[in-house]
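Here's the letter readout for the chains.
2 protein chains.
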Amino acid sequence: MQEYINPPLMELESLLARPTASYEALEPVVENVFEAVKSRGDSAVREFTTQFDQVTLSDFQVTKEALDKAGEEVSEDLKTAIQQAKSNIERFHKAQQTESVYVETMEGVSCWQEKRPIEKVGLYIPGGSAPLFSTLLMLAVPAKIAGCKEIVLCTPPNKKGEIPAVIRYTAALCGLTHLYIVGGVQAIAAMTLGTATIPQVYKIFGPGNQYVTVAKQWATRYSVSIDMPAGPSELLVVADGSADPDFVASDLLSQAEHGPDSQVIFVTTASEMIAKVTSSVQEQLIQLPRKAIAKKALANSKMIYFTNDDEAIRFINAYGPEHYIICMKNESLYVNSIQNAGSVFIGNYTPESAGDYASGTNHTLPTNGYSKQYSGVNLDSFLKAISFQKITKKGIQSLGNTIELMAEAEGLEAHKNAVSIRLKKLSNGS
Amino acid sequence: MQEYINPPLMELESLLARPTASYEALEPVVENVFEAVKSRGDSAVREFTTQFDQVTLSDFQVTKEALDKAGEEVSEDLKTAIQQAKSNIERFHKAQQTESVYVETMEGVSCWQEKRPIEKVGLYIPGGSAPLFSTLLMLAVPAKIAGCKEIVLCTPPNKKGEIPAVIRYTAALCGLTHLYIVGGVQAIAAMTLGTATIPQVYKIFGPGNQYVTVAKQWATRYSVSIDMPAGPSELLVVADGSADPDFVASDLLSQAEHGPDSQVIFVTTASEMIAKVTSSVQEQLIQLPRKAIAKKALANSKMIYFTNDDEAIRFINAYGPEHYIICMKNESLYVNSIQNAGSVFIGNYTPESAGDYASGTNHTLPTNGYSKQYSGVNLDSFLKAISFQKITKKGIQSLGNTIELMAEAEGLEAHKNAVSIRLKKLSNGS
Chain A
1 MQEYINPPLM
11 ELESLLARPT
21 ASYEALEPVV
31 ENVFEAVKSR
41 GDSAVREFTT
51 QFDQVTLSDF
61 QVTKEALDKA
71 GEEVSEDLKT
81 AIQQAKSNIE
91 RFHKAQQTES
101 VYVETMEGVS
111 CWQEKRPIEK
121 VGLYIPGGSA
131 PLFSTLLMLA
141 VPAKIAGCKE
151 IVLCTPPNKK
161 GEIPAVIRYT
171 AALCGLTHLY
181 IVGGVQAIAA
191 MTLGTATIPQ
201 VYKIFGPGNQ
211 YVTVAKQWAT
221 RYSVSIDMPA
231 GPSELLVVAD
241 GSADPDFVAS
251 DLLSQAEHGP
261 DSQVIFVTTA
271 SEMIAKVTSS
281 VQEQLIQLPR
291 KAIAKKALAN
301 SKMIYFTNDD
311 EAIRFINAYG
321 PEHYIICMKN
331 ESLYVNSIQN
341 AGSVFIGNYT
351 PESAGDYASG
361 TNHTLPTNGY
371 SKQYSGVNLD
381 SFLKAISFQK
391 ITKKGIQSLG
401 NTIELMAEAE
411 GLEAHKNAVS
421 IRLKKLSNGS
Chain B
1 MQEYINPPLM
11 ELESLLARPT
21 ASYEALEPVV
31 ENVFEAVKSR
41 GDSAVREFTT
51 QFDQVTLSDF
61 QVTKEALDKA
71 GEEVSEDLKT
81 AIQQAKSNIE
91 RFHKAQQTES
101 VYVETMEGVS
111 CWQEKRPIEK
121 VGLYIPGGSA
131 PLFSTLLMLA
141 VPAKIAGCKE
151 IVLCTPPNKK
161 GEIPAVIRYT
171 AALCGLTHLY
181 IVGGVQAIAA
191 MTLGTATIPQ
201 VYKIFGPGNQ
211 YVTVAKQWAT
221 RYSVSIDMPA
231 GPSELLVVAD
241 GSADPDFVAS
251 DLLSQAEHGP
261 DSQVIFVTTA
271 SEMIAKVTSS
281 VQEQLIQLPR
291 KAIAKKALAN
301 SKMIYFTNDD
311 EAIRFINAYG
321 PEHYIICMKN
331 ESLYVNSIQN
341 AGSVFIGNYT
351 PESAGDYASG
361 TNHTLPTNGY
371 SKQYSGVNLD
381 SFLKAISFQK
391 ITKKGIQSLG
401 NTIELMAEAE
411 GLEAHKNAVS
421 IRLKKLSNGS
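Sequence lines, in order, name chains A and B.
The letter at position 422 of the first sequence is residue 422 when you use the working numbering, and the numbering goes up by one with no holes.
The letter at position 367 of the second sequence is residue 367 when you use the working numbering, and the numbering goes up by one with no holes.
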C-alpha cells in the first residue's frame, strides 16, 4: 500500500481519483447483443449462451421441481445462516416503509403522496467463481416487501447448465418463482426487451462484470431504469490508536480480495497505526486463498495520515466511500460529519462483512464516488411516489386567482382558462 | 382527436404507444459541446452562447444587484401569487421530511438509515417563449428544504442578454445566489464538468428541449446524475357523466397548448361524453392564443370509450400518464387502483393547472410511461439515504457464525476472517 503523510491539498486530488475505466469500447458488443435479442428473441439468447457460457440450453426457465428440491442440496448450517440473514434484512427494510404524507396546503386544497411498487423488476445475479446468494437476498427481500408483482431473476448457468442449488434455495425462500438460466449482456437485453420466455421488466437491479455494467447503461435507452451505475467495490477505514490493527487489517483485506481493481484506503490520525496495520496486513495476507487478487488490489491502495480530524473528515467526504468503517475514540464526530458514503460501520466490532451478509443493511451500494448523489439499494428503490390532490369548490375559489396570474405570466392562456371556466361557473351559482 | 369505441385488446398496444422520438442523431452535437467545454471552459461556453443565443456575454454570473433589484420589475399581484405558490409548495415538500429509521435487528446489532442532502445540485430552467418561474419554484423549494449547500441555476439569456426579472425575483425569493446566464447544451456541460465561472454539480434537474434532454443523458457519462429522462408532457382524463364537459375540455386544452408533441388522452365510460367534450374543445380552442400549437397536439390525441371500469383502469395503468385527472362518480375506485401515474388530480374542481403552479405538489413528473418506475421530483430527489450500523461484542458473538458460514460459501475467506479474528480475540477474553 502507498503511504502518504499529511499530504498537501494539491496532492489530495490524485488521492481521490478512482481508476476511471472507460467502457465505451464495449458498447458495440453490447449493442450487437441487444439488436439480436430484439429481432430474434429466445433463439438469440440461446446462441449467446452457447457462445459465452459454453452451455446449450433447451429451456431457460428453472422448473418448479428444481426450485422445490434445491434445499436438499444445501447444508443445514448454511440454510440456517441464510434464514437468519434474511430475517435481519427483512426487519431493516420493513422499517423503511412510510405512511402516506397528507397535507392540506390551504383550506380546501388537499395534497398527498403515496408510494406504489414498481410492478415488474428484474434481478441480475452474476455467476463467476462463487454463487452470490447474498446479493439475491439483498435484492429479493426488499422487492417482496415493496410488493413488486413480477420479480424476474436471471443468473448465468454453471458448467452443468444449471443454477447453483444455493441460489435456487435462496430464491425459493424469498418466494421467487421466475428464475431464468441466462447471464451476461443477453440477460440484461432479454429483461429489457422481453422474449417469448423471459418477461420484460421496468427496472433492473444487480451487479455484474464490465459487460453487464455497460448493458445496464444501454438498457436505459429502452425505457428501463437501473438501480445505479456500477464500479469496483471500495472500503475506507478511518482509525486512531483506539482501534485494533489486526481488525483494521482484516477489514482492508476483506475488501482487497474482491478483485484486483478493488479500492482500499486507510486513513488515520495516529501515525504509528500505519506501520502496525501494514505489518498485520502482511501477516494475514499470506494465509488467504485469494492472496494473488488481494495483493494486486493492495498495490493500488493508500494509507494516509492526517494531523487532525478536520482534514481527515474533509478528505473522506470528498472521496465518498462505498463502505466506511469508523474506529475512532471520538466516533460521534465522524458519524455526524459524514455527508457522502454508502454504508457506515461503527466501532471495533462492526466489520464490513456484517453488512455484506447478515446484519440487515443492504450491500448494493454506490461506488466510484456516486455516494455523493445516489442512495444504496433500499426499500424505496422498488417503489415510486405518486402525488395526489383534491380541491374543493372553496379551495379553487381561494387558490384560483394565484394560478390564473402565474399561468398568464408564463403565457399559457389555456392553463389559466381551466381555472377561469370553473370560477365562472361557481360565481354563476352552479 | 381520434375516437375509439371500446377498442379490442389488439388495438390497445397502438393506443399506448408514445411517438418515440429518437434523439441519437443529436448525440454528436452534444458530444462536441461537451468536449469543447471540457478543454476550453468558459471561453467555449461564451462561443456557444454567441452561436446559439445570438448574445455575447462578458460575464455569465448574475450580479447581487440584479438579484436584489429584480422585484422592482415584477407586478405586486404576480409577486403575491408566487409567494402563495411557494408557501404551498414548501408546506407539501416539508411534510415529506422523514426521521432516521432505527432498528435493532438482533440484540447488539443496531442498524439505521439517515438521509443527507446532495451537496451540489444544478437547476436548469429553459428559456423559450416565456420565463418558466414555476419550474424554478418546483426545483429550488425542495432543494432548499433538503439542505443542498450549493444550488446552481442556469437559464439562457433573453435577447438583451439578461435573465428575465421574474426568474431573478423567484430565485432570490427562494434564497438562490448562484445564477448563471447560460442555456442549452453548454449549460448542462458546464454544470457537469465545471468551468472557472460555473461550478460543477453532482445532480442536474430540470426540463428542456431535445438538445438539453440529450445533454442530460450525456452528462450521466461523467459521474453526474439527473432527475429523470424527459419526454413530451402528457395528460389523461377519465370522466363519466358526472363530469362537466367544459371543464374536461379546458383541461385537455391546457395540456395541448404545451407543444405540438403533447399527449392528450380522454377516457370515458359514458359514450355520450365523447361528443360533448369534442364540441366544447372546438368552442374553447378558437379563443386560445396558442391554438395553432394546441390543434397540432389534438390531431394526435385520442378519445377512448370503455364499457366498464375494469377495462378503463387496465388501460390507464398500462399507459402510466404523467398527469391523470379523475372525474368519476366512483372516484375512490379509480384513486385506489392507480399504479402508474406521475400526479393525480381528483374531482371536478381540481384542474391540472393547480398542480402545475400553486397547490403544493411538484410539476416535474415522469413522462413517456416512466411513471412505471420513476417518481416525480420530490424532497427525496435532493437527498440520499446512508445506512449505518454498530455492533457490540455480544452482537458479533451472536451474528458472527452466520457471517462466517455465508462468506465461506461464497468463497470469500478474508470476509470470513474479518469476523473470525474478532471472535477469537473475544473468546481469549480481550
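Keep in mind that the hints were calculated from the coordinates and are not lab data.
Wrong hints could be hidden among the right ones.
Copies of one chain are not kept apart here, so a pair can be met inside one copy or by any two copies together.
Distance condition first, Cα-Cα at most 27 angstroms in a straight line; then the derived DSSO-like pairs of lysine-lysine [to be verified]:
1. K160 to K424
2. K149 to K86
3. K393 to K424
4. K276 to K295
5. K149 to K291
6. K393 to K296
7. K115 to K144
8. K64 to K329
9. K329 to K425
10. K393 to K120
11. K115 to K94
12. K86 to K394
13. K94 to K159
Each hint tested on the structure:
{"no.": "1", "hint": "K160 to K424", "result": "neither (74 angstroms within a copy, 39 angstroms between copies)"}
{"no.": "2", "hint": "K149 to K86", "result": "within (20 angstroms within a copy, 38 angstroms between copies)"}
{"no.": "3", "hint": "K393 to K424", "result": "within (12 angstroms within a copy, 71 angstroms between copies)"}
{"no.": "4", "hint": "K276 to K295", "result": "within (18 angstroms within a copy, 76 angstroms between copies)"}
{"no.": "5", "hint": "K149 to K291", "result": "neither (43 angstroms within a copy, 43 angstroms between copies)"}
{"no.": "6", "hint": "K393 to K296", "result": "neither (69 angstroms within a copy, 32 angstroms between copies)"}
{"no.": "7", "hint": "K115 to K144", "result": "both (14 angstroms within a copy, 23 angstroms between copies)"}
{"no.": "8", "hint": "K64 to K329", "result": "neither (53 angstroms within a copy, 45 angstroms between copies)"}
{"no.": "9", "hint": "K329 to K425", "result": "between (70 angstroms within a copy, 20 angstroms between copies)"}
{"no.": "10", "hint": "K393 to K120", "result": "neither (39 angstroms within a copy, 41 angstroms between copies)"}
{"no.": "11", "hint": "K115 to K94", "result": "both (14 angstroms within a copy, 17 angstroms between copies)"}
{"no.": "12", "hint": "K86 to K394", "result": "between (51 angstroms within a copy, 20 angstroms between copies)"}
{"no.": "13", "hint": "K94 to K159", "result": "neither (37 angstroms within a copy, 54 angstroms between copies)"}
Hint compliance for this structure: hints 1, 5, 6, 8, 10 and 13 are broken, all remaining hints hold.
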